[in-house]
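Those protein sequences? They're chains A and B, same order as listed.
One point on numbering: in numbering that gives the first Met the number 0, the residue at position 78 of the first sequence is 77, and numbering is uninterrupted.
One point on numbering: in numbering that gives the first Met the number 0, the residue at position 341 of the second sequence is 340, and numbering is uninterrupted.
Watch out, some of these pointers could steer you wrong.
Said to hold, decoys possible - Restricting the straight-line Cα-Cα distance to at most 30 Å, the calculated cross-link-like pairs of lysine-lysine (DSS-like) are: (1) A:Lys23 with B:Lys158; (2) B:Lys363 with B:Lys158; (3) A:Lys144 with B:Lys158; (4) A:Lys144 with A:Lys23.
Said to hold, decoys possible - Simulated DEER-style distance windows between Cβ atoms: (5) A:Gly21 with B:Gly186: 38 to 46 Å; (6) A:Phe90 with B:Thr99: 35 to 43 Å; (7) A:Arg80 with B:His147: 45 to 53 Å; (8) B:Pro391 with A:Arg80: 54 to 62 Å; (9) B:Phe97 with A:Arg80: 40 to 48 Å.
Derived from the structure by calculation, the hints contain no laboratory data.
Note that CB positions come from ideal geometry on N, CA and C, so glycine has one too.
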Amino acid sequence: MTRDVLILCAAGMLVSAYLMVGQKALFTAIRLYAVQSLLLGTVAITMAIADRRDELFVMAALTITLKSALIPWFLMRVIDRIGIHREIEPFLNVPASLLVCLGLTAVGYRVSTGFPEGTQGVTHHLVGVALSMLLIGLFLMVTRKKAVTQILALLTVENAVFLVALGITSGMPLVVELGISFDVILAVLMLGILVHRIVDRFESMDVSRLSKLKG
Amino acid sequence: MNLLVWTLAAPLMTAVAGSLGGPRRWNEATLIGGLSLTFALCLGTAGQFLGGAIPTAFGNTLRVDGLSALVLVLCGFVGWVSGLYGVGYLRRNDAGGFLTPRMLREFYGLVPAYVFAMLLVSVSNNLGILWIAVELTTLASVFLVAFHNRDTSLEAAWKFLVLGSLGLGFALLGTVLLFASAQGRLGEGMSALEWTRFMRVAPSLHPFTLRLGVVFALIGYGTKAGLAPMHTWKPDAYREAPSATGVLMAVGMLNGALYCLLRIHLISKAAIGADFSAGLLLTLGLLSVLVAMPFLLIQWNLKRLLAYSSIEHVGIMAVGIGLGGEAGAFGALLHMTYHSLAKPLAFFSAGTLAQLHRSSDFDKIGSGTLGRTPVASGLFLLAAVIMTGSPPFGMFFSEITILRAGFTGPHTIATSVFLGALVVLFCGFWYQAGRMTLGPDPGRNANTPEPEVVDLGMAVALLTALIAVVSAFYLPAPLTALIRAATKVVGGGA
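Full structure from sequences and hints, please.
Here it is, written out as structure tokens:
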């Protein structure tokens, strides 16, 4: 039962990452991120129940309130204020991007077999999904132009790191986890403020226009 | 509370006081007073260490060994001079009417906050806290990069924050993997991530997980250090940041990130031998030195020139560590010390030049500045002599030490390439510095700079010149003792 829930959640996270790659409406992309974080929280809760580790509940609560509610709300507000709702044509079109992501998933799964726990079912899937998401996040980062999409890519990478942490260590020490979450929130806030300032000055959040500095 | 806690509390309180705003005199006094006190406390903590104690706080979370003590003192020093120069910088800008109250609050709050984060990095014994502290240095510096709120400063700040966060994501994954490689041997709770504990269980770490973790952590912290190919944020950020904060990044962030790299390297060395992480560091370092080469030669902006020079220097340090052995480590740490002592001069003289000419682009500054702004140009020439590693200044000796370690070790080909690159970099820096300061005066078409006056900024630049020159001939005995202690941590017990 636990096993099935974990694998289902991990698969859901991977699917949400793929959907994000195929998505141009920014609102939907943010909702996908919220769903992804919710699934991450579910993974943490499931493990907390199965292994009787109370501090994982704290981490799950934190993930769900911050990442599937607060951060998406904040990002949506940013988009609303600046009135830009769609990603423009990415550097690589959607079908090609999805194909690349398929390759990245294969790489992620291949690497995950090297861990000592790698041959056991659940950990293998969690770590495989996490590493694939990490690569997909990086890929999103380099191929998308809108500032908000880049923030989402960063957050996807961050979710992937947390999934690795859950998969192979069953969670980092709580204090560290809290500190990390606090830093992530701060970083998102600052990114939001910067997006505001950028839109104010450039009347666009197309980061490919940020190209004056060279050499 | 013990001294170590006070050392961290002092800049934090200064930051709170600064961010509240208030009359200018009061802000200036708190910034300078707070950062001077911080530097004094850093010296005190290092003194405790030299006295034979190992200062710790909050259990073993903060711990000052030789390496920490050296980085702590250097960061404290840089925080202090940058606070002094920062006040002068703001006064100059205030006279021009460029500053809003928000900018002042940001500056007075974020500079000490940055110093706090930097010092926290240098005394962290816990890999989790270390990561959090490095992230704090990033967050504290974003709005310092965006300080002037121009198009280009927003671009620089955006690139800096996105690339920095991505790098830190990698570093976090690296930390998680290192933690996982212990397979539960580290125990539970906060103390499980302690570096000293890692060192104790090092031989039993799982090799595959460890290697993967080391790669991610080195790439992640290497991004913050500005090692190629993750260096691309550096030129932009240095150009846009005010000189006072530029030097905080060029020395503070560089030393802090190097500190993280060293801690990871040491764990890896204790677990699977030095070759793996040393090889990575050597590759990244060599790549940085090579990447800096063409960009120095074609550079069009004074502060970006300093950024590429800083990429060169972090490359030199990484090569020193990568070449390994006690000699390589000693060379690298000596280089770090001399670099930290001399870099403020380079930044403050370049910053003064740029402020006098109202631009840091070479074509706007024009050639032959020595005739128009003799003091600032003279200081910059002095900085060029020191930064390029010319004898008799310190970096010449540290570079020779590293080269000697290289040629006596197994990596002779890499060392030869390194030597060749150093020669080209020397010529490149001098080509640019010479063209700007000594070239023919363009005559009537010249950009007429504002007259040089001896204000606080200039006085601080002169002070840093004095420190940079004196330190070449005389390093105080406690400082050499610290370098030796740090070398023992890094290079000892091969």
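Verification of the supplied hints:
no.: 1; hint: A:Lys23 with B:Lys158; verdict: 23 Å, holds
no.: 2; hint: B:Lys363 with B:Lys158; verdict: 25 Å, holds
no.: 3; hint: A:Lys144 with B:Lys158; verdict: 13 Å, holds
no.: 4; hint: A:Lys144 with A:Lys23; verdict: 11 Å, holds
no.: 5; hint: A:Gly21 with B:Gly186: 38 to 46 Å; verdict: 44 Å, holds
no.: 6; hint: A:Phe90 with B:Thr99: 35 to 43 Å; verdict: 37 Å, holds
no.: 7; hint: A:Arg80 with B:His147: 45 to 53 Å; verdict: 24 Å, violated
no.: 8; hint: B:Pro391 with A:Arg80: 54 to 62 Å; verdict: 59 Å, holds
no.: 9; hint: B:Phe97 with A:Arg80: 40 to 48 Å; verdict: 27 Å, violated
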